[in-house]
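> Respectively, the protein sequence lines represent chains A and B. With this note's numbering, you'll find the first sequence wraps up at 204, consecutive numbering, no jumps. With this note's numbering, you'll find the second sequence wraps up at 204, consecutive numbering, no jumps.
Hint data in this document are derived by calculation from the structure and do not stem from the laboratory. One or more hints might be untrue.
Treat identical chains as interchangeable: a pair holds within one or across any two.
With a Cα cut of at most 20 Å, we get these calculated EDC-like pairs of lysine to aspartate or glutamate [to be verified]: (1) K184 / E128; (2) K184 / D143; (3) K88 / E112; (4) K184 / D30.
Protein chains: 2
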Amino acid sequence: MTILDVCGWTEYRDHLPDVRVVVTGLHPEIRGRYGTIIRRGIALDRVNPADYHAVAIPGGFPDYGYGEISDPRVHKLLRAVHTQGGTLATLCIGNIVVAEAGLLRGKRATTYPHSEGDNFAPLRAAGAILDDAPVVVDDRIISCRGPGQAIEVALLLLDDIIGPEASAEIGKYIVAGKAVNDRREPTSRNRE
Amino acid sequence: MTILDVCGWTEYRDHLPDVRVVVTGLHPEIRGRYGTIIRRGIALDRVNPADYHAVAIPGGFPDYGYGEISDPRVHKLLRAVHTQGGTLATLCIGNIVVAEAGLLRGKRATTYPHSEGDNFAPLRAAGAILDDAPVVVDDRIISCRGPGQAIEVALLLLDDIIGPEASAEIGKYIVAGKAVNDRREPTSRNRE
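Could you put the whole structure together from the sequences, leaning on the hints where they help?
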């Protein structure tokens with residue numbers, strides 16, 4: 013939802029290019045665990061990767077339907093968008109499906125640290141280099157520890173799509189504030 | 013939406029009291045400008061203020077239906093909940109309706125600073141003392157500058173409902189992080 017909102021602000025700033033977010037998924041409606049609903053814009057099977065600059069992957073609760081994300085069609089989409097130079101932005105455990113897609117080998121990444129299970133295990137198994145920073149960027153793959161980093165992830169995604177200057181302008185209008193800007197400095201970042 | 017999500021995490025932490033958020037409004041569905049939908053849990057006319065510890069007031073875009081919030085029934089609800097000792101948590105321009113309700117006289121407050129119009133004017137006209145901090149708390153009324161402060165506002169609201177220790181635990185589980193915690197220190201705060 014933060015990705016939708018933050019990218020939405022590009023519509024509000026007339027002189028910036030609009031960053032349109034198209035919601036895809038396996039069901040016509042995606043229901044958040046805590047009462048919000050997002051309507052799907054396009055069915056997963058109809059997504060043409062060439063039409064997109066990036067994929068944003070939310071986190072979720074495996075016991076509440078999130079497990080469905082581990083789907084070969086999702087892995088295929090992620091590989092296609094990344095291979096064509098696109099960015100993958102993940103929230104919380106959204107990074108695990110990137111690991112499953114084989115895209116984290118030799119790359120630095122993080123994930124949600126407070127689950128009962130060990131979310132770092134699938135990253136390690138997929139050859140990722142684990143990193144302690146709240147937000148990690150490596151080879152156009154953005155990962156973070158939790159919901160608290162959602163705005164920072166959204167702004168890093170906008171860095172790649174519309175450039176850091178336009179992204180900073182959005183940061184100003186959502187009042188992302190000094191704290192997020194400070195955090196963006198020590199963000200673990202590696203761009204080849 | 014951040015209020016729904018952050019309060020929702022109290023369900024996830026079994027030993028903490030659940031903080032249930034009931035969505036009210038003038039329409040059965042509330043649609044965010046950027047693609048999210050929240051279903052109303054109870055019609056505004058059926059809300060009994062005595063049933064609630066707090067009211068959270070989102071921000072919005074006046075040109076996209078948000079103007080409807082300036083309604084005498086909303087003012088009455090805010091006055092009732094505040095008078096009985098409840099907290100009012102506002103995001104962005106959500107504070108203006110609190111000013112309209114006559115609850116900001118002599119109290120410190122802030123609001124969204126980047127609109128074309130001057131959002132501070134209605135606060136000033138209602139007798140508020142304007143404050144530059146990103147988040148301001150005065151007499152159980154929480155106000156902030158923009159969407160970037162949403163998590164902090166949600167955690168400050170939880171401070172009042174379940175206490176600062178339980179609120180800090182939620183902060184840990186959503187990985188609100190050092191940056192938010194640091195910001196909570198200089199937060200302008202005044203509690204009689």
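> Confirm or reject each hint.
Hint check:
no.	hint	verdict
1	K184 / E128	between (37 Å within a copy, 14 Å between copies)
2	K184 / D143	between (28 Å within a copy, 18 Å between copies)
3	K88 / E112	within (10 Å within a copy, 53 Å between copies)
4	K184 / D30	within (17 Å within a copy, 34 Å between copies)
Figure legend: structure checked against the earlier numbered hints; every hint is met.
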